[in-house]
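Listed in order, the protein sequences are those of chains X and R. Using this note's numbering, read the first sequence as starting at 1 and increasing by one per residue. Using this note's numbering, read the second sequence as starting at 1001 and increasing by one per residue.
Take the hints with a grain of salt, since some may be wrong.
Straight-line distance between alpha carbons at most 27 Å, and here's what the computed DSSO-like set of lysine-lysine pairs gives [to be verified]:
hint, chain 1, residue 1, chain 2, residue 2
1, R, K1045, X, K159
2, X, K150, R, K1110
3, X, K323, X, K254
4, R, K1110, X, K254
5, X, K254, R, K1045
6, X, K50, X, K349
7, R, K1045, X, K421
8, X, K242, X, K159
9, X, K30, X, K49
If you want the footprint, here are the derived chain X segments under chain R, 3+ residues with CB under 8 Å [stated by the list, open to error]:
hint, segment
10, 396-402
11, 415-426
12, 432-446
13, 457-468
Rather than coming from a laboratory, the hints here were simulated on the basis of the structure. Backbone N, C-alpha and C define an ideal beta-carbon position, used for all residues, glycine too.
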Amino acid sequence: MAITKHRRAAELAKQVFDYAPAPESIDHVKIEPRYNLFIGGKWVTAHSKKRFATINPATEERLSEVVEADEVDVDRAVRAADRAFDSWSRLAPARRARYLFRISRILQERARELAVVETMDGGKPIKESRDVDIPLAAAHFFYYAGWADKLEWAFPNRKPRPLGVAGQVIPWNFPLLMLAWKIAPALAAGNTVVLKPAETTPLSAMLFADICQQAELPPGVVNIVTGAGKTGSLVVQHPGVKKVAFTGSTEVGKLIQRSLAGTGKRLTLELGGKAANIVFEDAPLDAAIEGIVNGIYFNQGHVCCAGSRLLVQESIAEPLLEKLKLRLGTLRLGDPLDKNTDIGAINSKAQLDKITGMVESGVEEGAELFQPECRLPERGFWFPPTLFTNVSQSYRIAREEIFGPVLSVLTFRTPAEAVEKANNTPYGLSAGVWTDKGSRILWMAERMRAGVVWANTFNRFDPTSPFGGYKESGFGREGGLHGLLPYVELN
Amino acid sequence: MDVRKTYKLFVGGEFVRSESGRAYRVDGAVNVPRGSRKDLRDAIKAARGAFPGWAGRTAMNRGQILYRAAEMLDGRRSQFVEVLGGGRAAAREVEQAVDTFVWYAGWTDKLAQVTGNTNPVAGPYFNFTIPEPTGVVGIVSPAESPLAGLVRRVAPALCGGNTVVVLAPEAAPLPALTLAEVLATSDFPAGVINVIAGYHRELLSWLGAHMDVNAVDVCGCTAEEIAAVEKAAAENVKRVIKAPAGEMSPQLIASFMEMKTVWHPIGV
Chain X
1 MAITKHRRAA ELAKQVFDYA PAPESIDHVK IEPRYNLFIG GKWVTAHSKK RFATINPATE
61 ERLSEVVEAD EVDVDRAVRA ADRAFDSWSR LAPARRARYL FRISRILQER ARELAVVETM
121 DGGKPIKESR DVDIPLAAAH FFYYAGWADK LEWAFPNRKP RPLGVAGQVI PWNFPLLMLA
181 WKIAPALAAG NTVVLKPAET TPLSAMLFAD ICQQAELPPG VVNIVTGAGK TGSLVVQHPG
241 VKKVAFTGST EVGKLIQRSL AGTGKRLTLE LGGKAANIVF EDAPLDAAIE GIVNGIYFNQ
301 GHVCCAGSRL LVQESIAEPL LEKLKLRLGT LRLGDPLDKN TDIGAINSKA QLDKITGMVE
361 SGVEEGAELF QPECRLPERG FWFPPTLFTN VSQSYRIARE EIFGPVLSVL TFRTPAEAVE
421 KANNTPYGLS AGVWTDKGSR ILWMAERMRA GVVWANTFNR FDPTSPFGGY KESGFGREGG
481 LHGLLPYVEL N
Chain R
1001 MDVRKTYKLF VGGEFVRSES GRAYRVDGAV NVPRGSRKDL RDAIKAARGA FPGWAGRTAM
1061 NRGQILYRAA EMLDGRRSQF VEVLGGGRAA AREVEQAVDT FVWYAGWTDK LAQVTGNTNP
1121 VAGPYFNFTI PEPTGVVGIV SPAESPLAGL VRRVAPALCG GNTVVVLAPE AAPLPALTLA
1181 EVLATSDFPA GVINVIAGYH RELLSWLGAH MDVNAVDVCG CTAEEIAAVE KAAAENVKRV
1241 IKAPAGEMSP QLIASFMEMK TVWHPIGV
């Protein structure tokens, strides 16, 4: 019954708001048919003969082809970084700062091009890559540029020194932004870098290599090798790498931590999450609805800190769910390059299969599924915004990270119960609280075992604001003053 | 004729024999309880139980209790000099241990000011970062300077509000076991500090792998032991602390902490 009502409402909404297509132009973007590796400031022919295609997940069209770097390639990259370290770490800090400022400026200048490439390669809506990913990446470089010649003020009474070559492996959900989170603090502190972008989203990193050349960054300070897990493992394991930074799944994070045991390498991990987004009865309901939607459907839910568990106070569960379901019916799913699109393509076939499997498990375990009426394009990888009610804490959909547009709804009666349920997870990356009461925000924030707590907002990021997890969500922080610490030795 | 002391483990605020009934001998005649995997588990359980209460104390209260530990240790100076083998080196080490407790007693209420931040984010949010204790910390204490070396790790871990399970150095467990007597009379709530003695090869991998331990300080481990602990630690993404033995700094305290960032809305 309820569903029919929602369908009708959604139909009505579609009649009232008739969206004309508003595609972003791709004319100004030039994607090479194939890319080599970026080592020592140059594009070099790889030793590895293996290449793989990167496709547009919204169309399954081949965009370009990159190298699957092998041991020899990774070794070359680390050597180049090692050679560059000597002069880069001794360069006047104010000069290092200038290079980073330059990079930040070029990112701003080329923002539109980068946004389009990010959307084509990864499937995220253009309005997100345009308004979130690229501006934040530029801001991150700008922020850390300013630290390069102020490190002694960051760590009073200590002598911060760079570590050497940092090996960095980043995920596919925010390709350029994660690159910025990794490279900017490393370079500011005087380290050099070998970075491996994710296999499904290498293109913005390829453009970034071009930006390094444009900024005349000294050769070898940034090296970019493409590949899949194997290449990442080679980067991490290379004896010349002194510091490893990884963002990705908890499963792979544990493998890396295990594999680095006894090597003396410094390690930071930013891993998975299963964040609780907690809505109290006094919360401004409409704002909370938008926050819930942003929390889990932003970037198709491909967000490690996504608010994938909605904890709603029992007294308002019914009206809230009613409104939420209506809102889901108005989300526009489709061409990621369309400026009106809310939900883009799932990043890969593999991820789509994983999401599908998890949703099936939810249904099997007895949760109640809701999906708004939603036509999925025929080609490409798509998944409709999904919501589960009648979820028990023991269900897989309430315990495991799905990394897709799937929300599990649970209820609570008292603040103490909300805290207990929110913390009942091995993860601890983020949490959300919605309430009108400031003292309750701080009471909740104090009790939640999570690295980031958003109150009356969600999925908000800023270069000055440290980000990272408790428990199995990893260790170390990225962003802010704390984001420098993983890249310095303190004497 | 002397009344000889039976050394015991310190678990949950009580001095207990090893549940295994086993002991091993150091220094000729002295029997030391040889803690088992179950003793270790009991200690971790006690530490977990004590964690919310200790973390919830005011910073000043934790500071006063750490200071009290310095007072109690100072009062038993001659006993510790004897346990450490006597002489000027031993006296200096006791002095260092007292100093270390006092130094960290003064850090409890300054840590958040020195390692926390407010962050000028773009948007109507008051954004701040504060250190919070990570939880239960395992400390493998060093055989070198067995008293001062231990205090240099226990004090910063406790300072931030963590609870602690100490694994005493296998060859020199007496200073750690004797320190437990000081801590037992220093107003630390039961379970905040637990001291286990025994063989590293029987206990270390369990400490590294235990799912209810948040961090391990490997100060007293050999290179091979560090590798083994690090491998086991990956099971629940434990923090492994490898700071130099002599380090005393707010960053060392922070290595036992998690940084929490809160976005608080601004509006009318």
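Here is what the structure says about each hint:
For the suggested pair K1045(R) and K159(X), the alpha carbons sit about 39 Å apart, so the restraint of at most 27 Å is broken. Using a Cα cut-off of 27 Å, the hinted pair K150(X) and K1110(R) holds, with the two alpha carbons roughly 23 Å apart. Restraint check: the Cα-Cα separation between K323(X) and K254(X) comes to about 40 Å, which exceeds 27 Å; the hinted pair is violated. Distance hint between K1110(R) and K254(X) is unfulfilled; the C-alpha atoms sit about 34 Å from each other, more than 27 Å.
This hinted pair checks out: K254(X) and K1045(R) have alpha carbons roughly 24 Å apart, not beyond 27 Å. Straight-line distance between C-alpha atoms of K50(X) and K349(X) comes to about 21 Å, which keeps the hinted pair within the 27 Å bound. About 21 Å separates the Cα atoms of K1045(R) and K421(X), which keeps this hinted pair within 27 Å; it holds. In summary, the hint linking K242(X) to K159(X) is supported, as the alpha carbons are separated by about 18 Å, within the 27 Å threshold.
The hinted pair formed by K30(X) and K49(X) meets the criterion: a straight-line CA distance of about 24 Å does not exceed 27 Å. Only residues whose C-beta sits within less than 8 Å of a C-beta in chain R count toward coverage, and the segment 396-402 of chain X has 0 of them, not enough to reach three; the restraint is violated. Residue count for the segment 415-426 of chain X with a Cβ under 8 Å from a Cβ of chain R: 1. That is fewer than the three needed, and the coverage hint is violated. Counting residues of the segment 432-446 of chain X whose CB lies closer than 8 Å to any CB of chain R gives 4, so the stated coverage by that chain holds, three being the minimum.
With 8 residues bearing a CB less than 8 Å from a CB of chain R, the segment 457-468 of chain X meets the requirement of three and the coverage assertion stands.
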